[in-house]
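Colleague: Put chains B and C with the ligands on the given structure of chain A with help from the hints.
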Amino acid sequence: MRTEALIIGAGPAGLSAAIELGQRGIETLVVDEYPVPGGRLLGQMYQSQSGWWIGRRVAEDLLERLGRFPNVHLMLETSVSGLAHAGGGWTATFSQRAGTVDAQAVLIATGATEVPIPLPNWTLPGVMTVGAAQTMANVHGVRPGERGIIIGFGALAFAVADELTRAGVDLAGIVLPPLQGPSQWLGTVQDQWRRLRDVVHLGPRWARAATPLVASDFWLERVMAGAPQKGIPALGTVLRPNVAAIAMAGEEAVSGVWLQRVDRRGTLVGEPWHEAVDFACLSGGLRPVPDLAAATGAAMKSSRSGLHDVPIFGPVGETTAPGIFAAGNVLGIEGAPVAMAQGQLASIGVLRHLSGNPTEWAAEQAAFSRALEVARERAPLVFDRAWSQIHEEIRQAWTNRPKEG
Amino acid sequence: MKSSPHVIVVGAGVIGAASAHYLTQAGARVTLIDQGDIGSGTSSRCDGNVLAIDKDPGFDSQMATVSQQLLHELAQELPYFEYRRPGSYLVCDNADEVEMAREWVRQQQAEGLPFAYLDYEAIHRHLPHLAEDVPGGLYCGSDSTLNPLLYTQRLAQSARDRSADLRPHQPVGDIGIEGGAAKGVRLASGEWVPGDAVVVAAGIWTPALLEPLGIRVPIRPRKGHLLVSGKGPLFGDAKVMEFGYLMSKFGRERVAPPDAMQYGVALVYEPTASHNFLLGSSREFVGWDTSSNPKVVQSIARRAMRFYPGMKDATIIRSYAGLRPWTPDHFPIVSEVDGVPGLWIAAGHEGDGIGLAAVTGRLIADLVLGGSPCIDPGPLRWNRFTEEGGMDHG
Amino acid sequence: MAKDAPSHEDDAVIVCRCEALTWGDVKQAMEAFQPTSLRQLKSVTRWGMGICQGRVCRPMMAATTVEDQTEAAFRLVVRPPFKPVAMNILGHEGEKV
Ligand SMILES: Cc1cc2nc3c(=O)[nH]c(=O)nc-3n(C[C@H](O)[C@H](O)[C@H](O)COP(=O)(O)OP(=O)(O)OC[C@H]3O[C@@H](n4cnc5c(N)ncnc54)[C@H](O)[C@@H]3O)c2cc1C
Ligand SMILES: Cc1cc2nc3c(=O)[nH]c(=O)nc-3n(C[C@H](O)[C@H](O)[C@H](O)COP(=O)(O)OP(=O)(O)OC[C@H]3O[C@@H](n4cnc5c(N)ncnc54)[C@H](O)[C@@H]3O)c2cc1C
Ligand code: FES
Chain A
3 MRTEALIIGA
13 GPAGLSAAIE
23 LGQRGIETLV
33 VDEYPVPGGR
43 LLGQMYQSQS
53 GWWIGRRVAE
63 DLLERLGRFP
73 NVHLMLETSV
83 SGLAHAGGGW
93 TATFSQRAGT
103 VDAQAVLIAT
113 GATEVPIPLP
123 NWTLPGVMTV
133 GAAQTMANVH
143 GVRPGERGII
153 IGFGALAFAV
163 ADELTRAGVD
173 LAGIVLPPLQ
183 GPSQWLGTVQ
193 DQWRRLRDVV
203 HLGPRWARAA
213 TPLVASDFWL
223 ERVMAGAPQK
233 GIPALGTVLR
243 PNVAAIAMAG
253 EEAVSGVWLQ
263 RVDRRGTLVG
273 EPWHEAVDFA
283 CLSGGLRPVP
293 DLAAATGAAM
303 KSSRSGLHDV
313 PIFGPVGETT
323 APGIFAAGNV
333 LGIEGAPVAM
343 AQGQLASIGV
353 LRHLSGNPTE
363 WAAEQAAFSR
373 ALEVARERAP
383 LVFDRAWSQI
393 HEEIRQAWTN
403 RPKEG
Chain B
13 MKSSPHVIVV
23 GAGVIGAASA
33 HYLTQAGARV
43 TLIDQGDIGS
53 GTSSRCDGNV
63 LAIDKDPGFD
73 SQMATVSQQL
83 LHELAQELPY
93 FEYRRPGSYL
103 VCDNADEVEM
113 AREWVRQQQA
123 EGLPFAYLDY
133 EAIHRHLPHL
143 AEDVPGGLYC
153 GSDSTLNPLL
163 YTQRLAQSAR
173 DRSADLRPHQ
183 PVGDIGIEGG
193 AAKGVRLASG
203 EWVPGDAVVV
213 AAGIWTPALL
223 EPLGIRVPIR
233 PRKGHLLVSG
243 KGPLFGDAKV
253 MEFGYLMSKF
263 GRERVAPPDA
273 MQYGVALVYE
283 PTASHNFLLG
293 SSREFVGWDT
303 SSNPKVVQSI
313 ARRAMRFYPG
323 MKDATIIRSY
333 AGLRPWTPDH
343 FPIVSEVDGV
353 PGLWIAAGHE
363 GDGIGLAAVT
373 GRLIADLVLG
383 GSPCIDPGPL
393 RWNRFTEEGG
403 MDHG
Chain C
2 MAKDAPSHED
12 DAVIVCRCEA
22 LTWGDVKQAM
32 EAFQPTSLRQ
42 LKSVTRWGMG
52 ICQGRVCRPM
62 MAATTVEDQT
72 EAAFRLVVRP
82 PFKPVAMNIL
92 GHEGEKV
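Residue numbers (the numbering used here), protein chains in the order written: chain A, 3 to 407; chain B, 13 to 406; chain C, 2 to 98.
No lab work stands behind these hints, which were simulated from the structure alone.
Even for Gly, the Cβ is constructed at its ideal location relative to N, Cα and C.
Treat the hints with caution; some may be incorrect.
Claimed, not checked - Below, computed lysine-lysine pairings styled on DSS-like, alpha-carbon distance capped at 30 angstroms:
1. LYS28(C) / LYS43(C)
2. LYS324(B) / LYS43(C)
3. LYS405(A) / LYS303(A)
4. LYS324(B) / LYS307(B)
5. LYS43(C) / LYS243(B)
6. LYS243(B) / LYS28(C)
7. LYS307(B) / LYS303(A)
8. LYS243(B) / LYS307(B)
9. LYS307(B) / LYS43(C)
10. LYS243(B) / LYS324(B)
11. LYS43(C) / LYS303(A)
12. LYS28(C) / LYS303(A)
13. LYS67(B) / LYS261(B)
14. LYS261(B) / LYS307(B)
Said to hold, decoys possible - If you anchor each label on the Cβ, the simulated ranges turn out as follows:
15. ARG198(B) / ALA365(A): 55 to 65 angstroms
16. HIS141(B) / SER371(A): 55 to 65 angstroms
17. ARG198(B) / ARG372(A): 49 to 59 angstroms
18. GLY322(B) / ARG199(A): 50 to 60 angstroms
Next up, chain A with everything else stripped away, as it sits in the complex:
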């Protein structure tokens, strides 16, 4: 099969790009490995400054708009397993279907994956990532268990704690991950605590009042280390900033968690104790999966931790591989409105590649760039502070990239 544009991933980035291409008459194929389009939008449900953000509705809206364009096709339950340069374009192969698709331009909008936290017995049934719990609760309407615990600080952990308690699930709190052994990559206890800065504005009014306090490392450390063991009420549950989960317990499935106090330096102190829970959510962070982009030969930025491996990209999502574009979380972890604007921008890149005219659609580009800025300013969550710095480095790398000819 042949198409002008192939979009891999039907999340907010891919769908937004597809609408723009559809509108401009481009033969477009969108593939997604999940049975339902929408990507991570499907599980999102939270209150932001501008009211409730209900991801499923946003996805439905995008799909409805997409439905108007007969030149856009959606193929679900189809994973792209390979992408190879062929005859000036790209050939994609799939894992659930035989045959290939040849496309002149490809947009990689495959989003991000979650990283679990390794601790003893984390492979027991009942231990899941926070995203899996979010999907269970918000997409399938299933409670992940009767009483759970959230392990690991981070924007997604806090968002999901909020969503679960609103759904009436009992939580033993949000605790620190183990910070030794194979979890060292999560950083120090201070790194975990600093993540609170990105979410205090979501907390109750008194917590917001504490913003200046948590802004200083000196006070952050004292407040967190000195918090009561049973925790600080927040997000319908308790934040337990000086308690770490050190192991899960259970035979066939999770029946509890072992907890222990940590001091200001993150050292475990005192004796561990056991609390009964029947599920646990691990929040190790989100990671763009770089494999497809890397396979095209696009220049990549790699990171020691592997958490920040992304293609070097330009203003309209172009990579250094001709005809390969990227948008959304595959370029760095941000919220859905940012992904949507990135998808729109990348559609400009695709259009220019197809027409060979590098200056057309300038007004649209300007409008989408503004939308991207606004989405960033209004973002209710910062997933990982490192991204703004990385994106700045990528901007420089893009400007200074070796050009052909």
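Modeller: Relative to chain A, chains B and C with the ligands alone:
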């Protein structure tokens, strides 16, 4: 040579690592240098078959068999590297191949080697997963298998335990020749490493190191792909290859589908100690690119299903490709460079470097340190190409 | 239900589900092989070589401290297929999707 000479080995693939192992065992001081990490070249992009089944009777077969014996000893000596000795099979595609397979077994048996011809009934009893129309095959009892990644590391480790100096991530820039003899190497960092002898075991990169000295080495990269399955049911515990690729030895044309012919694809089925299997392989001269070509991957999958129809539901989780160090006569070069005392080459093992590493390492130690060689080094001399005018490949 | 104190043993922490590899195994391999890159660590432990191909476990590998700190030391190349593919699909002929 001094009682404890300092030997510099350039290249820490399986050949360099084995050389370092045997050299240190014989009492030499060794510096083992690689531009990447240990085993980062072809030795980590290959299968782990240690074969005599496809070797010509005579020197070829003798070299392979000596290596198998040395390897068997290494397996007792070194920590675990997934060494097993299940033997190996060659299976025939058609009646023509059956005829040649019988001839092959007759020749090998005449040399006293543990070969057996298996007729239709026998091959299907031995290999119950084979396609029904496979007419026959043969078995070689001495063939073994190992994990090449671990094997290379274990050899390097053993050398290090005998105080070899391991220098990963240090590209060698030049080989230093003074007064006509090799005196050491200059690293890209500028550092000079002096030595009494230099062994170049740089696989496909060997010509690049030696050509600046006017020493021509006819080694070319010959690409091969492999597929890795997920964990799941195996299709037998022994290695199985197709007889077809030996047909050229008999001056006969191999009969296979066009894609298999185009990419030089012949079945290799290798079950591993990790409860999955590898499928190979292709043979192509397509430059230095090690990326996977989907067309070749597809062709390997098809060829495997021709012999194992039950594989259709098995999953493949990864593919990769490596570059075999090919020579015009398919023998490696294990030899001093004539006219440059102290400069040695141990490279050009094409598709047999894992299997021949033991005998190569041992021979290098014998020759460099002046011991009596474990096999006849004559057929492996570097100057066989200069004499035969075979220098213009590459 | 196991309420005895939890095991702190490194061998109790699985870091690669597909290869049933524990943190203890990794530490042992680090000691034995002294790898100078993640690629080398991967080749001696099979960490990242399972069905996940490092997609999920890659960040955990950063817990190890390979001696060399250059970009080459922590770059891991993943090869297609990027998702497991059945052989009959991989080997299928023709252009039909
Ligand atoms: C677990 C999780 C929870 C999140 N929760 C929130 C939240 O609460 N609030 C928030 O603002 N942001 C959240 N995010 C961030 C979220 O990723 C963005 O909001 C937004 O969904 C990113 O859009 P995207 O289009 O880039 O990717 P996604 O929405 O992730 O969509 C990518 C799509 O690509 C498909 N895909 C991936 N690989 C392939 C392949 N090889 N072949 C075919 N299809 C493929 C996937 O199935 C998926 O549908 C979350 C992210 C994750 C991972
Ligand atoms: C698909 C495939 C399947 C195979 N299957 C088998 C099999 O089943 N059995 C078998 O026996 N063989 C097999 N082989 C062949 C085998 O892999 C090779 O023969 C063997 O690995 C060659 O080893 P080597 O040490 O000579 O080369 P390499 O492993 O490539 O080592 C050479 C080393 O030299 C280093 N180097 C190069 N230049 C420099 C420099 N300037 N400075 C410092 N270091 C340098 C490189 O970094 C490299 O590590 C297979 C090969 C392929 C491709
Ligand atoms: S968890 Fe096994 S390879 Fe990633």
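Colleague: Taking the beta carbons of GLY322(B) and ARG199(A), is their distance inside 50 to 60 angstroms?
Modeller: Once the Cβ atoms are compared, 57 angstroms apart, the range 50 to 60 angstroms for ARG199(A) and GLY322(B) holds.
Colleague: When you check the alpha-carbon spacing of LYS405(A) and LYS303(A), does it fall within 30 angstroms?
Modeller: holds, 17 angstroms
Colleague: Taken at face value, is the distance from the CA of LYS307(B) to the CA of LYS261(B) at most 30 angstroms?
Modeller: holds, 27 angstroms
Colleague: Do the beta carbons of ARG198(B) and ALA365(A) sit within 55 to 65 angstroms of each other?
Modeller: holds, 59 angstroms
Colleague: Does LYS28(C) lie within 30 angstroms of LYS243(B) when you go C-alpha to C-alpha?
Modeller: Judged against 30 angstroms, a Cα distance of about 24 angstroms means the pair holds.
Colleague: Starting from LYS243(B), check that the Cα of LYS324(B) is at most 30 angstroms away, please.
Modeller: Given that 30 angstroms is the threshold and the Cα spacing comes to 15 angstroms, the pair holds.
Colleague: For a C-alpha distance cap of 30 angstroms, please report whether LYS43(C) and LYS303(A) respect it.
Modeller: holds, 21 angstroms
Colleague: Take a quick look at whether LYS28(C) and LYS303(A) sit within 30 angstroms of each other, Cα to Cα.
Modeller: holds, 28 angstroms
Colleague: Straight-line Cα separation of LYS307(B) and LYS43(C) no greater than 30 angstroms?
Modeller: Within the cut-off at roughly 27 angstroms; holds.
Colleague: Honestly, do HIS141(B) and SER371(A) meet the 55 to 65 angstroms range at C-beta?
Modeller: Distance hint for HIS141(B), SER371(A) holds at roughly 59 angstroms.
Colleague: Given the hinted pair LYS307(B) and LYS303(A), is their alpha-carbon gap at most 30 angstroms?
Modeller: Status holds; Cα separation ~29 angstroms.
Colleague: Between LYS243(B) and LYS307(B), does the CA-CA distance stay at or below 30 angstroms?
Modeller: holds, 24 angstroms
The structure fails none of the hints (numbered hints given earlier).
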